[in-house]
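A.B. asks: Please model the entire structure based on the sequences and the hints provided.
The listed protein sequences derive, respectively, from chains B and V.
Those letters in the first sequence? Residues 1 to 399, by full-length UniProt numbering.
Those letters in the second sequence? Residues 1 to 167, by full-length UniProt numbering.
Rather than coming from a laboratory, the hints here were simulated on the basis of the structure.
Predicted model only: the values in this text are computed from it and were never measured.
Hints are not guaranteed to be accurate.
[Said to hold, decoys possible] Keeping only pairs whose Cα atoms sit at most 25 Å apart, straight-line, the calculated PhoX-like set for lysine-lysine is:
#: 1; chain 1: V; residue 1: K79; chain 2: B; residue 2: K130
#: 2; chain 1: B; residue 1: K123; chain 2: B; residue 2: K151
#: 3; chain 1: V; residue 1: K79; chain 2: B; residue 2: K104
#: 4; chain 1: V; residue 1: K79; chain 2: B; residue 2: K131
#: 5; chain 1: B; residue 1: K151; chain 2: B; residue 2: K119
#: 6; chain 1: B; residue 1: K104; chain 2: B; residue 2: K130
#: 7; chain 1: V; residue 1: K79; chain 2: B; residue 2: K99
#: 8; chain 1: V; residue 1: K61; chain 2: V; residue 2: K117
#: 9; chain 1: V; residue 1: K61; chain 2: V; residue 2: K112
Spelled out, the chains give:
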Amino acid sequence: MVLEATMICIDNSEWMRNGDYTPSRFQAQADAVNLICGAKTQSNPENTVGILTMAGKGVRVLTTPTTDLGKLLACMHGLEMGGEMNIASAIQIAQLALKHRQNKNQRQRIIVFAGSPIKYDKKMLESIGKKLKKSSVSLDIVDFGEEDEGKPEKLEALLTAVNNNDSSHIVHIPPGPNALSDVLISTPVFTGDGEGGSGFVAAGPVAVSDFDFGVDPNIDPELALALRVSMEEERARQEAAAKRAAEEGSSQNKGDEQSSKSQDTTMADTTGATAATDAAEPMSEVDALLQQAIALSMQTPASDSAVRDTDMSEANNEDQDLAAALQMSMQEGEKDSSGQMDMSEVLEDQAFVSSVLASLPGVDPNDPSVKDLLASLHGKSESADQKKDEEKAPKDDEK
Amino acid sequence: MNQVDLVDFIDWSGVECLNQNSAHSIANALKQGYREDDGLNVESDADEQLLVYIPFLQVVKLHSLAVKGPEEEGPKTVKLYSNREHMGFSNVNDFPPSDTVEFSAENIQAGKPVVLKYVKFQNVRSVTIFIEDNQSGGDVTKVQKIAFFGTTVETTDMKGLKKIEDH
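C.D. replies: What follows is the structure, encoded as structure tokens:
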């Protein structure tokens, strides 16, 4: 929701007649521009957007920054192609247009669609970039269309000269089956600096914006703040509870089904929280730990293997200490087998196990190695059940 | 007439600095505590110029300016513009400055206040500081402290007004 004034620089040179983007480069560009105008004006009602053309007889400003989406869409009609793109003057004129914006509190941004070859050299572009950086103007570059040698390097050099704290971006879009606008939607050009333009969908304006708690911080900042604070407190409380449970579990004898189940859920929550803070884990780490879990369970009596498996798979890769604490608590829990039988039922429930695994980041339940592990877990739980049935049967026989 | 340090009258929500390095921002040179620390300074980014805009909470008169910087990278030519909003590097040369100060290497290291043309700064709502170059001519200008001294213009204290009692 950053308050921003944007100038979009359109390439309407002869190179735009090419059909390597459907239906033509120019049309694809026009669609993308329309979407950007919509996204910008929607994300903040006070945002302004202006458009200028870079080729033709010369750089021409079609509209100065305005909030009126209708005017922007209208001026995209009836544009003619011709001439050569003049990127240097275009950027400077865009900068001038932004300087004279009405609301001086708006940040300044220029979006350039570079579809034709660039005749300027790198030095010139870098000095333009420096000027933009000095006046704190951000620049987004869409490199598409003509693939000229040196063009990507020139544009990258321009981006490095302008870039200040990652507020400027470049996107290279080669010709392909996907529409230009579809590819652009997922890029930072649309989504802004990591805020998420997820409220805007290509299909049309969406009423519900994707904010953290379903509450727009702009509409109701106090409510959004209160929700965020309570969520963080809850998370902190759960982490504290999980730590306490882990300590208690290792020191006391925890055979009680309910308490071990709640321990599992708090463990899952803790691991979920720690998982959230970590970057995506490589598959091999998960596999290695799951194998370790299976190996450990092989060494213990069958009735306990089920419990060990559930807990091991839940105590996932991130927290070795947590895994150690769980191991200790499971060893204590061995002594009371009554609670464990119910755990095996839990493990039998494939839906539960796969949902637990699915909730772990970095573990894809459809991955063949995970499927194999699941199958082996079930094989063991089934054999555990068989043994219990055999134990029960003789008891019944005795009666 | 007692000249006071005008740091308390700066309207922080409107302070802007163009071409500053985001890791070394203008607060390091202006804010109490930060400016006394010589290790914290504001640095220029793309080139050696800096443009600082400082609005005040009320109208003030500026008497003197203290600027402190390192011997090499400290500012040399400093131009002041009174009551001009939202200047950019491109229009900074369009109007004459209200005052210009040239710092020598010893002055800038000592950071002693320099007296300004008082008559030009009688009715100041905001001041823009344009640091044009630095002592050594290098690409980065560093400033450790910027402080203004002056007096406030007598303004009505709204809290002092009393309601007229209804008879």
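A.B. asks: The structure should be examined with respect to each hint, and the outcome stated for every one.
C.D. replies: Each hint, compared with the structure:
| no. | hint | in the structure |
| --- | --- | --- |
| 1 | K79/V with K130/B | holds (22 Å) |
| 2 | K123/B with K151/B | holds (13 Å) |
| 3 | K79/V with K104/B | holds (23 Å) |
| 4 | K79/V with K131/B | holds (20 Å) |
| 5 | K151/B with K119/B | holds (9 Å) |
| 6 | K104/B with K130/B | holds (21 Å) |
| 7 | K79/V with K99/B | holds (22 Å) |
| 8 | K61/V with K117/V | holds (11 Å) |
| 9 | K61/V with K112/V | holds (19 Å) |
No hint from the list above goes unmet by this structure.
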